[in-house]
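Chains as they are written, first to last, in our numbering: chain A, 1 to 537; chain B, 1 to 129.
It should be emphasised that the hints constitute simulated quantities derived from the structure, not laboratory data.
These numbers come from a predicted model, not from an experiment.
Keep in mind that the hints are not guaranteed to be accurate.
So, partial list: chain B residues that the calculated Cβ filter (under 8 Å) puts toward chain A [said to hold, decoys possible]:
hint, residue
1, Q23
2, A28
3, A90
4, P110
Glycine residues also receive a C-beta, built at the ideal position from the N, C-alpha and C atoms.
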Amino acid sequence: MAKASRRSRVAASRGRGGASRARLRPLRTVRVPEPFEPLFRRAQDYVERYFRGKAFSPEQGTISISGERYILLRAASMSVEFFDLVTSLYEDKGPHVARGVAGNLLFDVAHAIGKADAQAFHRKMGVADPIEKLSAGPVHFSYSGWAFVDISPESHPSPDQDYFLIYDHPYSFESDTWLRRKRRSPLPVCVMNAGYSSGWCEESFGVPLVAVEIECLAAGGERCRFIMAPPARIEEHLARHLRRRPRPRAGLRSRSTAVSVPEFFQRKRMEDELRRSHELLEQRVRERTAELTGANAALRREVAERRRAEEARDEFLSVAAHELKTPLTSLRGFAQLLSMQMEDGQAPDPRRLSTALDAIERQSEKLSVLVSQLLDVSRLQAGRLVLERKRTDVTALARHVLEAAAPRTKGHALHLHAPRAVTGHVDPIRLEQVITNLVDNAIKYSPAGGSIGVRVARSGATIRIAVTDKGIGIPPEHLDKIFDRFHQAHQERRLGGMGLGLYISREIVELHGGTLVCEESGEAGTRMAVTVPRGAP
Amino acid sequence: MTARRRRTAPRVLVVDDDAAIRQFIQMALEGSGYEVTTAEDGREALASVRDAPPRVILLDMRMPVMDGWAFTRAYRETPPPHAPIVVLTAARDAAEYAGDVQADAFLAKPFNLRELLGLVGRLATDRQS
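Kindly generate the complete structure, drawing on both the sequences and the hints.
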């Protein structure tokens, strides 16, 4: 239905008004598609009667309509002046933000009023049908001075997702306030009208609705035109209707095609989103904090480990220095003793001379062993102790160790139990060092003497060397520590050494791919056993 | 309280767990006219001071059974007179150890034998506590 023809028909019906025999007066306060007219006439009749009961009582400061209290507002204060005020308040954020704030506020307030008014009238009129519920809305809208409503026959007001309304607001109070000041807005201004109508219709049809002004007199349009639909469908209707709008003619100021879809209580959604993003942020902060705490703890552990390593190194140096200085003290002492006697012109007592020279030799030997051990430890720790494997008769090696050890003890009987030859692919110098260490320990820890046995045996792909003594044994609480650096099971007996021997021996055996364990230890003595692979031929 | 009560050579107690060190110190001191008693650790030393009170004590600090710190505490609790103590130690903190036990002097190992004899000589004649 073209607008011009609608107008003429309305004019005609108005013309017929007085002569109509219909009980209800012709429709004057709203324009609707023809099939809806009877319903709207009833609504018009109702609202007309309702507004007849106006009472202005300025002496009481009240306005009431049929007993319902109303307030009057200056239209400009709710539109052009309100936009100006918000724009000045949001000067720093720019006119776009100001428009958004003002528009959202006005839309929310008007939508809420529309919903509330609809509820009140539905109660008063006692109506249940959605169209009936809708009917009083536009009429009340006219009576209360918001705008005239002209609903297009293209509309399809159904209580579901297909709901669609397209309508004009001639005489919109909002665009009017801009036009009266000869002001032009870049965007449509009738946000309260859109809010109120959609609020009323939402209440009437029981579906969420939103109205968008697609053309506005204050924004250079030819009319104030709105479409209303459920929020999920509005964009689709908008796209269709904006496409249909005529292009601006050359020479005329371009008509704004910008519209904004209002959202009832967008603020609420924004607040919810803000809260969600806050929660997300807090969650992230918590996660990052946890990660940082973890990283911190790891760092602290690392620092503590390094500190422990440093302390161990310091302790190592301190013990090493102490141990080296002890034989050095005797060495220097005996040497000075002899030289003092010579300086004094005394004839050296041959017995003392021999004692001193013996001591010097023993201490030098001790010193040399200590230095070798320190070098070995240093090489082992740097991973630079490299085996030089060659075909070796381990029986011969063990025999050699025992022969070399014999002069160092008088109280022990040293025995070798071994096949004539047990050959393997090992580092003979390092393996000899291991057997020597085990035999020396056997001597050292059996101060009362007794027999010391070295047993060499071949078993499949391995060679086993066991050293047994009848000594004082290893206290059980020390068994798991005897292979640690600097550990000495018998501190109280002061048997000398740095506690490096077994540590080095085990490392050498493990470099061979073998094991060194204490198989037995008690009051009856100790048995230490080395097992190494025979190695490649 | 008087020295040379028994009109014998002054006695020096050598406390060290290392036999070679005890041996050369003993030989040097005996060569210089001192009477020498030796002990392997603090406990032996404590027994020795009761039986034969020394004029000077040469004390190693790190020893098994009873170390230099424990010995000094126990020794100071015995009735006077107390002989001056010279700490002999191979540890890095010789001065600190000596301070710990309020020693009269200290020598860091390896020390100069002449220095030791000079020190013992001074303490044996000067200090008669």
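Verification of the hints:
no., hint, verdict
1, Q23, "holds, 7 Å"
2, A28, "holds, 5 Å"
3, A90, "holds, 4 Å"
4, P110, "holds, 4 Å"
Figure legend: structure checked against the earlier numbered hints; every hint is met.
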